[in-house]
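Asks: Using the sequences and the hints, build the whole thing.
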Amino acid sequence: MPIRTPAPQQASLTEISKGLFERACIVIPDGVNRATVDRDPFPDYVGWGRGAYLYDVDGSKYLDLNNNFTTLIHGHAFEPVIEVARRVLKDGSCFSNPTLHEINLAELLCERIPAVEQVRFVNTGTEAVMFAIKAARAATGRPAIAKIEGAYHGAYDWAEVGQAGTPDTWGAPEAPITVPNYAGQPRSVTDDVILLRFNDAAAARRRIAANHQRLACILIDPVPSRAGLLAPDDSFLAAIVETARQYGILVIADEVLNLRQGYHGASARFGLNPDLICMGKIIGGGFPIGAVGGTKTAMAVFGGSGGPPLLQQAGTFSANPISMVAGLASMTAMTIEQFDRLERLGDHLRARLRQVIAKYEAPFSVTGSASLFRLHPKPDAPREYRDAYLSKSEAETMRLLGRHFKKHGIILPFAAAASLSTAMGDTEIELIIQTFEHALAYEELTL
189 MPIRTPAPQQ ASLTEISKGL FERACIVIPD GVNRATVDRD PFPDYVGWGR GAYLYDVDGS
249 KYLDLNNNFT TLIHGHAFEP VIEVARRVLK DGSCFSNPTL HEINLAELLC ERIPAVEQVR
309 FVNTGTEAVM FAIKAARAAT GRPAIAKIEG AYHGAYDWAE VGQAGTPDTW GAPEAPITVP
369 NYAGQPRSVT DDVILLRFND AAAARRRIAA NHQRLACILI DPVPSRAGLL APDDSFLAAI
429 VETARQYGIL VIADEVLNLR QGYHGASARF GLNPDLICMG KIIGGGFPIG AVGGTKTAMA
489 VFGGSGGPPL LQQAGTFSAN PISMVAGLAS MTAMTIEQFD RLERLGDHLR ARLRQVIAKY
549 EAPFSVTGSA SLFRLHPKPD APREYRDAYL SKSEAETMRL LGRHFKKHGI ILPFAAAASL
609 STAMGDTEIE LIIQTFEHAL AYEELTL
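As numbered in our numbering, residues 189 to 635 make up the sequence shown, in order.
Read the hints as simulated data drawn from the structure, not as lab findings. Glycine included, C-beta positions come from ideal geometry on N, C-alpha and C. Worth double-checking, as some hints may not be accurate.
Here are the simulated distance ranges between beta carbons [as the list claims (entries may be wrong)]:
no., residue 1, residue 2, range
1, 210, 360, 43 to 53 Å
2, 274, 549, 51 to 61 Å
3, 523, 372, 22 to 32 Å
4, 430, 249, 45 to 55 Å
5, 375, 256, 12 to 22 Å
6, 376, 528, 44 to 54 Å
7, 376, 211, 13 to 23 Å
Replies: What follows is the structure, given as structure tokens:
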């Protein structure tokens with residue numbers, strides 16, 4: 189791609205954040221508490237956030253397209269959440285007994301999400317996925333799971349297998365190899381995970397049929413975010429459900445991230461009919477939360493039938509009142525009208541990004557729906573994980589693009605879904621477009 193004029197100089201390093209990172213590295217391995225924190229060359233330490241923007245300790249202001257990895261659908265410090273959390277906190281932060289607040293949030297989720305008749309709350313999306321898999325095992329008596337190649341489902345051993353395959357390790361497209369996710373991960377774990385190629389209905393049917401006697405569940409994010417924020421083919425999702433029903437395999441929809449696809453969630457939007465749904469992120473209003481929901485039949489393993497439960501689920505902070513009331517306030521504010529407004533913003537943004545790409549004949553593409561989008565340094569939008577996989581030069585292109593956005597006051601997640609919030613409007617969309625166009629016109633990106 190031709191470079192038209194020199195790029196502006198990069199801003200100087202921020203001294204306060206640099207000093208904090210040096211302190212952190214002494215007492216925290218690698219200096220941070222999650223692998224996804226941007227360290228180029230060190231993190232920007234946040235001071236505070238309001239609405240669509242966050243402010244670091246060095247005084248810089250950024251439009252936040254990360255929103256704590258899509259959690260903050262209303263942006264930062266949403267006043268209804270802050271107000272109710274402050275009020276309820278005065279009565280106590282957590283109890284060993286249940287509270288009214290967990291019933292209120294459970295009722296809202298059951299009312300909105302067609303596949304959810306009952307809910308159990310946990311503390312994280314990882315826990316939600318873990319207990320959903322355990323529920324499927326308890327119900328079927330089978331050990332193995334099937335999941336989409338490259339898809340992210342949190343940190344439970346079986347759920348994280350196969351999320352980071354490379355051309356050297358991933359095997360044939362129709363039968364991906366289950367690659368361990370960390371050094372020392374037991375082979376017994378990878379042996380009980382079957383990887384499916386996204387949007388390949390015929391291959392999925394064959395793999396499920398060949399392994400049906402040991403498959404407890406098929407775990408699927410309807411719009412796999414880490415695998416590329418991929419658009420699902422209707423035939424693929426239908427094939428998953430039909431084949432699962434044929435062999436008595438439970439279907440688990442991971443909507444921890446993609447519940448924000450609409451008022452009724454992602455499964456309802458894309459025609460997936462799961463037995464269980466994993467939720468998190470937006471349902472907690474910015475506080476720690478996870479939830480497993482599903483049909484009464486699928487949820488019966490947790491108890492309620494009179495006999496001892498097939499699956500014990502507990503957690504010290506599960507259904508704590510602060511997360512419950514914050515989640516209720518956040519979700520109540522996400523009316524049908526708010527979801528529709530965010531979708532219009534997202535549609536407008538994705539269309540404008542594609543116009544800019546066409547204008548400069550740049551080898552980029554855009555994926556996403558509703559309030560989510562992702563830029564790819566590839567001319568054709570990916571349909572599966574291997575299409576979205578970044579080569580070394582493509583990863584460098586995205587690193588430089590992220591640096592450019594940051595220099596112009598925008599946090600753009602690296603190789604992940606970017607998200608809009610209700611705090612954003614036309615001004616923020618225009619800023620994103622102008623910054624991207626500036627990158628194509630003036631920045632020397634490695635393409």
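Asks: So, for every hint listed, does it hold in this structure?
Replies: For each hint, the structure was consulted:
1. 210 to 360: 43 to 53 Å: 47 Å, holds
2. 274 to 549: 51 to 61 Å: Cβ of residue 274 to Cβ of residue 549: about 52 Å, so the range 51 to 61 Å holds.
3. 523 to 372: 22 to 32 Å: 47 Å, violated
4. 430 to 249: 45 to 55 Å: 50 Å, holds
5. 375 to 256: 12 to 22 Å: 35 Å, violated
6. 376 to 528: 44 to 54 Å: 47 Å, holds
7. 376 to 211: 13 to 23 Å: 41 Å, violated
The structure does not agree with the numbered hints 3, 5, 7 stated previously, though it agrees with the rest.
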